[in-house]
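Novice: Residue numbers (our numbering), protein chains in the order written: chain W, 1 to 114; chain R, 1 to 113.
Calculated directly from the structure, the hints in this document are not laboratory data.
It cannot be assumed that every hint is accurate.
Cut-off 30 Å, straight-line C-alpha distance, at most; resulting in silico cross-link-like pairs (BS3-like, lysine-lysine) [stated by the list, open to error]:
hint, chain 1, residue 1, chain 2, residue 2
1, W, K19, W, K52
2, W, K67, R, K94
3, W, K44, W, K19
4, W, K71, R, K94
5, R, K42, W, K44
6, W, K52, R, K94
7, W, K22, W, K71
Derived Cβ-Cβ restraints for the label pairs, each shown as a range [claimed, not checked]:
hint, chain 1, residue 1, chain 2, residue 2, range
8, R, L112, W, N57, 24 to 32 Å
9, W, H77, R, G41, 47 to 55 Å
10, W, S80, R, N53, 40 to 48 Å
11, R, R108, W, V12, 21 to 29 Å
12, R, A29, W, S39, 26 to 34 Å
Using N, Cα and C, we set each Cβ at its ideal position, and we do this for glycine too.
Given next are the chains, with one letter for each unit.
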Amino acid sequence: DTAVSQTPKYLVTQMGNDKSIKCEQNLGHDTMYWYKQDSKKFLKIMFSYNNKELIINETVPNRFSPKSPDKAHLNLHINSLELGDSAVYFCASSHGTHTGNEQFFGPGTRLTVL
Amino acid sequence: GENVEQHPSTLSVQEGDSAVIKCTYSDSASNYFPWYKQELGKRPQLIIDIRSNVGEKKDQRIAVTLNKTAKHFSLHITETQPEDSAVYFCAASKTDRDDKIIFGKGTRLHILP
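Sequences are here, hints too, so could you generate the full structure?
Specialist: In C-alpha cells form, the structure reads like this:
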C-alpha cells in the first residue's frame with residue numbers, strides 16, 4: 001500500500017489557469033506538508049498542517065491555497081498559474097506535532113506551466 | 001531564522017571509496033538533523049538522523065557526526081556502491097510545533113565505476 005500518494009503525477013497547463021493537486025496519507029500521521037522543489041533541486045517548505053490546522057505558512061503567494069478536509073488529506077489549489085510556478089511539488093507527512101520526526105514524502109507532482 | 005549550508009554541491013568518488021558531505025547550521029537551538037536521499041525522479045527518503053544529545057550515529061555503511069559547538073554535521077558513506085548515486089539533503093530543525101525544517105541545497109553524489 002502506498003503510504004503517501006499524490007495526484008496527478010504530471011500536470012501541464014497554460015498560464016492563468018487554476019489547478020489542484022491532491023495528497024493523501026494512510027499512515028495515521030498528524031502533520032502534513034507541502035514542499036516545492038525547483039529546477040535546482042532546492043526543497044522549500046510551503047505549508048504545514050497539524051490535525052487540519054494550518055501551522056506553517058511560508059512566504060508563498062496567496063494564489064496558493066492549501067485545504068485539509070481531514071487529517072489524512074492535504075490538497076493544494078493554485079490560482080492564476082505563472083511560469084515561475086513550474087516545479088515539482090511534494091506532499092509529506094510525519095507523526096506527532098513537531099518537525100523532529102521522519103517525514104514521508106509522496107511521489108511528487110511535476111507541474112509545467114506553458 | 002535557521003540557515004543550512006551544504007557542501008559540496010557535487011561530489012564524485014570511485015566505487016568502494018568513502019564520501020563525506022558537510023553541513024553547517026546557524027540556529028544553536030536546532031536539535032534535530034536528518035539526512036534525506038533522493039534518487040533521480042524519485043521522492044526524498046530519510047536515510048539517517050541525529051539529535052543534539054548524540055555526537056555520532058551509525059547505520060551499516062552510513063554514519064552521521066554532529067558538532068554542536070561548531071554547529072556542523074556531516075554524512076559519511078563508506079565502501080560506496082553504484083546505488084549510492086543520488087542527491088543527498090541535510091536538514092535542521094527545532095522540535096516545536098510551529099517550527100519548520102530547513103533543507104540544505106543538496107549534494108549530487110556520483111559513484112564512478
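Novice: So, for every hint listed, does it hold in this structure?
Specialist: Taking the hints in turn, this is what the structure says about them:
Under the criterion of a C-alpha separation no larger than 30 Å, the hint pairing W/K19 with W/K52 is consistent with the structure, at around 21 Å. Proximity of W/K67 to R/K94 is assessed by CA-CA distance (about 25 Å); at most 30 Å being required, the pair is judged to hold. Between W/K44 and W/K19 the alpha-carbon distance is near 20 Å, which keeps this suggested pair within the 30 Å criterion. Note on W/K71 and R/K94: the hinted pairing holds, with a Cα-Cα distance of about 23 Å set against a maximum of 30 Å.
Between R/K42 and W/K44 the CA atoms are separated by roughly 17 Å; this keeps the pair inside 30 Å, and the hint holds. Distance restraint check for W/K52 and R/K94: the Cα-Cα separation of roughly 21 Å lies within the 30 Å cut-off, and the hinted pair is therefore satisfied. A C-alpha spacing of about 13 Å is found between W/K22 and W/K71, which places the hinted pair at or below 30 Å, so the restraint holds. Look at R/L112 against W/N57: about 43 Å separates their beta carbons, and that is not inside 24 to 32 Å.
As the Cβ distance of W/H77 to R/G41 is approximately 25 Å, the hint placing it in 47 to 55 Å is violated. Between W/S80 and R/N53 the CB atoms are about 47 Å apart, so this pair conforms to the stated range of 40 to 48 Å. Separated by about 26 Å at the C-beta atoms, R/R108 and W/V12 satisfy the suggested range of 21 to 29 Å. Between R/A29 and W/S39, the C-beta spacing of about 32 Å keeps the proposed range 26 to 34 Å intact.
In summary, the structure is inconsistent with hints 8, 9 from the numbered list given earlier, while agreeing with the others.
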